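Engineer: Based on the sequences and whatever the hints tell you, model everything.
If you read the sequences in order, they're chains A and B.
End of the first sequence sits at 242 in the working numbering; the numbers just go up one at a time, nothing left out.
End of the second sequence sits at 300 in the working numbering; the numbers just go up one at a time, nothing left out.
It is possible that part of the hints are untrue.
Unchecked claim - What the simulated footprint calls covered on chain A by chain B, stretch by stretch (three residues with Cβ under 8 Å from a Cβ of chain B suffice, anywhere in the stretch; the number is not a length):
{"hint": "1", "region": "79 to 86"}
{"hint": "2", "region": "104 to 114"}
{"hint": "3", "region": "133 to 144"}
{"hint": "4", "region": "152 to 164"}
{"hint": "5", "region": "219 to 233"}
Said to hold, decoys possible - Just the calculated beta-carbon pair ranges, DEER-fashion:
{"hint": "6", "chain 1": "A", "residue 1": "N93", "chain 2": "B", "residue 2": "L51", "range": "32 to 40 Å"}
{"hint": "7", "chain 1": "A", "residue 1": "V226", "chain 2": "B", "residue 2": "A129", "range": "23 to 31 Å"}
{"hint": "8", "chain 1": "B", "residue 1": "N184", "chain 2": "A", "residue 2": "V214", "range": "29 to 37 Å"}
{"hint": "9", "chain 1": "A", "residue 1": "D240", "chain 2": "B", "residue 2": "D172", "range": "32 to 40 Å"}
These aren't lab readings, by the way, just hints derived from the structure by calculation.
Nothing here was measured: the structure is a model prediction, and the numbers come from that model.
Positions of the beta carbon are idealized from the N, C-alpha and C atoms, including for glycine.
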Amino acid sequence: MLRTAIVFALPILVVINHFYQITVNDLSIWKGGGMGMFASFDSPAERFLTIEIAGAGAQGAPLRLKPAGSIAQAVSGMVTIPTDERLARICALVADGGVISNDRIFGAGDAALAAAPMPQKVRELGQAEATLTVFNTVYDPETQQLGAVVLNSGQFTIAEGVCDGA
Amino acid sequence: MVLERVLDLPFRLRLAVLAGYLLTFFYIEHALADMGAQFGILLLILLPARYFSLGFFTIVIGGTIPMILNYYVADNHVFLIYYFAIAFALAYAYTDDGEFRTAIYTYTKFLVGFLFLFAVIQKAKSPDYLSGEFFTLTLMLDERFFGLSAALIGHEEAIANLQARFDFIDAYHSNDPANATPGPSRPLILNQDLVDLALVLTWANFGYQAALCLLLFARMRALVWLKNIVSASFIVGTYLVAPVYAFGAMLCVMFYVLAEVELPRFRNVYLVLLALMTVYHFVFVGLLRAYGVPA
Chain A
77 MLRTAIVFAL
87 PILVVINHFY
97 QITVNDLSIW
107 KGGGMGMFAS
117 FDSPAERFLT
127 IEIAGAGAQG
137 APLRLKPAGS
147 IAQAVSGMVT
157 IPTDERLARI
167 CALVADGGVI
177 SNDRIFGAGD
187 AALAAAPMPQ
197 KVRELGQAEA
207 TLTVFNTVYD
217 PETQQLGAVV
227 LNSGQFTIAE
237 GVCDGA
Chain B
6 MVLERVLDLP
16 FRLRLAVLAG
26 YLLTFFYIEH
36 ALADMGAQFG
46 ILLLILLPAR
56 YFSLGFFTIV
66 IGGTIPMILN
76 YYVADNHVFL
86 IYYFAIAFAL
96 AYAYTDDGEF
106 RTAIYTYTKF
116 LVGFLFLFAV
126 IQKAKSPDYL
136 SGEFFTLTLM
146 LDERFFGLSA
156 ALIGHEEAIA
166 NLQARFDFID
176 AYHSNDPANA
186 TPGPSRPLIL
196 NQDLVDLALV
206 LTWANFGYQA
216 ALCLLLFARM
226 RALVWLKNIV
236 SASFIVGTYL
246 VAPVYAFGAM
256 LCVMFYVLAE
266 VELPRFRNVY
276 LVLLALMTVY
286 HFVFVGLLRA
296 YGVPA
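Structural biologist: Here it is as C-alpha cells:
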C-alpha cells in the first residue's frame, strides 16, 4: 500500500508544483515535469535575457552584454523560471566574471571611442548599474511578426565584482 | 503453471536490464554522477539477489541530487525515467514473481496514463496549440523542420524566417544605436500548405494522445489489440518527427510492461522497436554525423 502511494503521489506532487510555478513564477510549460512539451510556443528556447550596464556604452548609452560561455549556460536554465532570486544569481555571475561582449558596436563618428582601451570584464567597469530583463517571444498572427514581452526584470548595482542584491 | 513461472523469471530479469539501461539516461549533465550510476548499475550484478532492489533504489535516490539541481531544466522524459525507476525498485522488492508482475503493471499503467492525460490536458488548455499556431511556428522556426518548411514555402523563404527570428533576438543584444529600441521581427513567411500541415500535425498528435489516454483506461478486452497498435505506431511516429531517444526508449519499456500482462504476443514488438531505435540512434545517426551530414 505504501509502495503504491509513493509511486502515485510523486508525479502528482510534481505536477501540482508545475502548475503552481507556471502561475506564480512564469515557469515554461515545457519544464518542471508537467508533461507540457510541444504543447505551446512558450518553450525555454523562445525566452532570452538582456543585460544592460547603464552609461557604459558609446556616448553614455547603456552597454548591452550578450551572455556567453558558462553564463549563457546558466541563463538558459534561468529563463525557464525567471524568479528574482535566479535573476540575482545571474547578476552575480556577470559581476564576477562577465566578459564584455566583443561585438560592442559604436555608431558613426565614434571612432575615437572605439579605438580607446576598453574594459574587458564587468568588474573592470568599477561601479555600475545593471538591468537584467527576461523576455518571452510571442507571435502575432495578424501581422505574422514576432514580438517580445517582459517576464521579469531586476536592477542591480555592480561594484568590484559583486552584484548588490545577489 | 510451470510455463508461467518460466516466463515470469525472464520478465523480471529482462526488466531489470531494461530499467538499469534507462537509468543511464537519467543522470543529466553531471559527468561524475553519470559515471557513478553506470558503475553502480554494473555493481548490482555482484549483489546477492535479495539486495538488488535496495541497491537499485540507492542508485535512484543518489540520482535525486542531480535531479533536484536540474529540476527546471530536465526534460519530461527524465522525470518519467525517475518515476519508473522508483516504481521498478519498489516492485522488485516483492520476492513473489506474481506480486512483482502485478505491482509493476499497476505502477506502469498509472505512469503511462499520467503521461498521456497531462499531455492532453496541457495541449487542450494551451492558448496556441489547438488553433495550429504552435505547429505553424514550429515548422517555420525550428531548424529540425527546415527541410519540410523549405519544401512547403521555398528554400529562400525558409531561410528568411530563421534569419528574421535570429535578427529579432539579436537586436535586443545589439549595441548599434539603430537597435536602441528593438521592435517586432520582420513578418514571417507562410502559405496555406504550411498552415494545413500544421493543423494535420496538431490534430494527429492530439488525437493519438487522447485516444491512447482513453484506451489505457478502457476495460474492454477487444480494445487491447487496438491500444497496442496505436501505442506502437505512436512511438514510431513520434520518434520519426522528434527523435528523442531516451523518450522513445522509455515508452518502449513501459508499453512492453503493459503488453507482458495484457497481450504477451505483442510484447516483443516493443523490444524490437527499442532495438531498431537503438541501432538508428547510435549507429546510423552516429555514422551520418561522423561524415558531417546533419542528423
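Engineer: Taking the hints in turn, state whether each one holds.
Structural biologist: Verification of the supplied hints:
no.: 1; hint: 79 to 86; in the structure: holds (count 6)
no.: 2; hint: 104 to 114; in the structure: holds (count 10)
no.: 3; hint: 133 to 144; in the structure: holds (count 7)
no.: 4; hint: 152 to 164; in the structure: holds (count 4)
no.: 5; hint: 219 to 233; in the structure: holds (count 6)
no.: 6; hint: N93/A - L51/B: 32 to 40 Å; in the structure: 38 Å, holds
no.: 7; hint: V226/A - A129/B: 23 to 31 Å; in the structure: 28 Å, holds
no.: 8; hint: N184/B - V214/A: 29 to 37 Å; in the structure: 19 Å, violated
no.: 9; hint: D240/A - D172/B: 32 to 40 Å; in the structure: 34 Å, holds
In summary, the structure is inconsistent with hint 8 from the numbered list given earlier, while agreeing with all the others.
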